[in-house]
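Chemist: Spelled out from the first residue to the last, the chains are:
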Amino acid sequence: MSNIEVEGKSYETDEEGYLVNLSDWNTAVANYLAKTENVEMTDQHWEVVNFLREYFEEYQIAPAVRVLTKAIGKKLGADKGNSEYLYGLFPYGPGKQACKIAGLPKPTGCI
Amino acid sequence: MADIAAPAYRIIPIIPALKPGAMEGVRSFVANEKIQEAIGFPGQLVEDWHDRAIARMGELLGKYRSLKVYMDACVHCGACSDKCHYFIGTQDPKNMPVARQDLMRSVYRRYFTLPGKLFPKLVGARDLTREVLDEWYTYFYQCSECRRCSVFCPYGIDTAEVTMAAREILDSVGYGQKYSNEIIGKVHKIGNNLGLPGPALKDTLEGLEEDVKEDTGFDVRFPLDVKGAEVLLITPSADFFAEPHIDGLIGYAKVFHATGTSWTLSSMASEAGNFGMFIGNYEQLRKVALRIREAALELGVKRIVVGECGHAWRVAYSFWNTLTGVGEGADPNDRFAQMLQKQLDHRYRQPSHVCEFTWDMIQDERLTFDKSANDKYIITFHDSCNVARGSSMGGYPGGQFDIPRNIIKAVANHFVEMSPETTHEKTFCCGGGGGLLTDDLLDLRVKGSLPRMEVLQQVADEQGVNFMACICAICKAQFTKIMPIYGFDRRMVGGVHQLVSNAIKLGNK
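Chains as they are written, first to last, in our numbering: chain P, 223 to 333; chain D, 1126 to 1634.
The following block holds chain D by itself, in its conformation from the complex (with noise of 0.2 Å):
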């Protein structure tokens, strides 16, 4: 790994001149049988896949109209080629998301439309041979599925869902990724993506009460798995495990001590993230939500409230209401959703994001905080994609983009923005997300985080900026292990609800 070095910077940040085949060599370790029979996944490539794919891709055409009006509307327009962090980083042309896309469009014209059928050169229409296959797993484990580009599509193209659909049609045939498909089989037989087992779980947070007491002389409390508390706390198991991540988590819980809040921690669902999307596969996003459902039953919880984790709170945001009953929009029929609706407490927004839940305990004038004690920070704010571009808080347009800057204006007196270019819903991915985050594709992580790494050396050489903070556990693993490659210190990345862990008063209320 030592030979992985940082591009370097653009001097003009505009289309970098193109490397074909740059990354095609790059490709993410292959599950095995184990792995992928884990799960419900042949265990291997299968002898007829490529009947069994273009009948996959038929049967996801028919279920999500969205696909198939994204295989036909895309006009070739080029919006979308120069705004991939992969393609600005690593300049292969595959890397542009219109050419990522085409892999899969040019298959859909040869099997699923007339002029594909009769004249496939014609309409630049492909079989799809084991090499178009190989392609296929090579680049759509290249995206990490940020929709930044959809941003600037003119027709709304959502490139996640095509690069989510050309996933699960590799996985129906047997050919899936190992880091997504192992970690989701650890969610099934454990309860999180680390593989963090109940005691272990406990003792740590056992260890933490000790820290917290030591630090500030409070009992502030990491319960789990207690019935009857009003908020249940669904959050990624790296926080309970990485740096900087804990800090986020001592955050949550100094703000549900200072606020007299009763919470607890689930054995059970101790993971916020959903790998289910990741891989696009409707079964496992599902399986994965009811955990958290069967604990909220089970713990009579009133609140439901999500940790710092990008896709997690898409996924709580936009589907466990279908999914799983939680918020708006629950089957009828469903007799468990149906159940926690009534158990819930719809004064509040379920599912809450940590960030609502302590930004409506800050303009409620129920914390109050040292603002000093972040004095040595110059911050800026990275937005997470799948919060920026997936999600939504505080109930209107724009509140997943104000509310963590208004918290840590609230705790911090040093805030500056990045270029405007690269934030809100321009946001840029970290260079992790999507189920990348792994470290077979280390190069490929080093060279997408470019440009987020310019712009923030640019605030940091004319502002001195030296804090960026997120709200998301890939982002902070992702920033801890690449920013010193670009000659940054790791420790200037961290959670927001790490600020609030540093200047807030856990006596006065």
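Isolated chain P (complex conformation) (with noise of 0.2 Å):
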């Protein structure tokens, strides 16, 4: 376990840097862990990370890849439905690196 500090407050991060504790998550927290990311943020990366974690609200994971594209086609227009839009915006990979900005847990597994 490590902290990291942000703004004067101090947040529990796992060993690779997501944040412990869900309700810790605010927009600076999340700002400061895209830096961590070398990550810009801009309006689409936010339509990202809040589209993540609405779904998360509703069903304690972070989407499919694939879910995550539809839902973001609907949203943007069908051009930025696409992984390859979502890996333009988070080129570590769009589950593992939005998901660390968005304060969610690691999604774990055979991915």
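Bear in mind the hints are in silico, worked out from the structure with no lab data behind them.
All values reported here derive from a predicted model rather than from experimental measurement.
There may be inaccurate statements among the hints.
Pair by pair, the computed Cβ-Cβ distance ranges are [said to hold, decoys possible]:
| hint | chain 1 | residue 1 | chain 2 | residue 2 | range |
| --- | --- | --- | --- | --- | --- |
| 1 | D | 1324 | P | 272 | 17 to 25 Å |
| 2 | P | 272 | D | 1463 | 49 to 57 Å |
| 3 | D | 1587 | P | 249 | 49 to 57 Å |
| 4 | D | 1335 | P | 301 | 18 to 26 Å |
| 5 | D | 1501 | P | 224 | 42 to 50 Å |
Backbone N, C-alpha and C fix where the C-beta goes; we use that ideal spot for every residue, glycine too.
Mind assembling these two chains? They're in different frames, but the hints should get you there.
Modeler: The following block contains the structure:
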């Protein structure tokens, strides 16, 4: 376990930098986590992050990549509803990197 | 992670120059107390770890005669030394299979052989010190248990079994790996490696039904928890979640649809993977496998079909019979195993691999394809290690090699083999198997995939290969991650049933 320091407050993260407590998340923390991932947050990034959090709220897990691309496609237009668009935003992989910034636990398994 | 680069391809693929200690700093994250205790292991390294580790080793040597033979039989001939993808890629001599096993063998000699007890230095016997224990953790989590080295061992030493034993000893003293053990905990708590709860699974499957309808115009179903279905499909949870895995799942569903087979997934057993094998722990292996029996009994299915998952197929093919009663050899005194035996339809192989299912249907002419749908691909096939060396298909030796290739050739026009030194039983691991498919080992994973990437590059350059099919969720995830680092497009990788999905005709039959 380690801690990150954002705007004078300390937050607990795991070995890989994922937030330990879901409720610790806020936009400042998200921006901080994005920076550690070398991701510059734009409106497009926030669309994805916010969708992830909404989905998580309902289902207790991040959405499948396909569910995510479909939702983004519906919201932002079909040209953006594909994994290339998401990889463009989150080069390390939309599943893990976007989850980290959204303050969600890391998906595990053979993915 | 950005600093991880692919090693250069070897110009002459021979034994690489040694780089002692090259990988001694690469260690997978250790499991914390919560993860360990959730699956019944000590939360952290116990105080009397030395005595308990030696005692556990003694128990394993007594229980598995094979392990004792493997400890005694090695003559250090060196046949295995350059057969390991991790050694080839990392050049660390401790990643030579013989050297990795000697980490344990030296301790075995010290405590379990007379010469080692009397003259340890003369016979290369070592005390189990904290440094040795740490070394075990480091290097036994740099082995993917792929068993390629075993193919070349003149004594038939199963090196994966040594790795499994070492991991079991480590777990028994509270020294577990985060990645594997967290996943096993999720299987027990939620039902699958991903931690995908039932409602999310249901939502994902409903979404797939909509997508396939949109793509094809057909109402292909993805049923969940349907009692009385003929087939229970047990597939890796990555098939519900990740790319390109999910395209394979769509392929299975289309095959069931086109052949009019009633089938179901189970929310209780929504995972084929069994990481209990990776950590060499029999109790976990069995406990994870028993969920499948429970689901099969509850749903009353007649057949159990396993999706594209390498180690799951090894567990299913080789161990489910005695673990759970699926297949020949169920314990006569195990009431539930016997119940399941009565319930299953023995006109079919139990369990069946989804490739066996599809190939049988192709042979029975119950499926038709438009092969031109795959014409944009020049396809090669990567044999997954656990399928290649730990199982079979079709009820005859070598069926596990033929059947996936037969399917590819039935659904596509362009198929090319990679170098025969790297396929069939000599296949190289993808570099992410055996509990190593974790971000904290990415450096190892990239290096370990070197021999596969070399020969893929060769067929890509010489024959224009632009698609590598495989039948394992780990292979798919590993290649998707590491291939861009080697300059390949990650979409070059996909399942055999992804190709089936592209070409299958849903309307005619």
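Chemist: Please go over all the hints and tell whether each is borne out by the structure.
Modeler: Comparing the hints with the structure gives:
Distance hint check for residue 1324 of chain D and residue 272 of chain P: the Cβ-Cβ separation is about 21 Å, which falls inside the suggested range of 17 to 25 Å. Between residue 272 of chain P and residue 1463 of chain D the CB atoms are about 53 Å apart, so this pair conforms to the stated range of 49 to 57 Å. For residue 1587 of chain D and residue 249 of chain P, the hinted distance range of 49 to 57 Å is satisfied, since their beta carbons lie about 52 Å from each other. Remark: the range hint 18 to 26 Å for residue 1335 of chain D to residue 301 of chain P is upheld by a beta-carbon distance near 20 Å.
Taking 42 to 50 Å as the suggested C-beta distance range, the pair residue 1501 of chain D and residue 224 of chain P conforms, at roughly 47 Å.
The structure meets every hint from the earlier list without exception.
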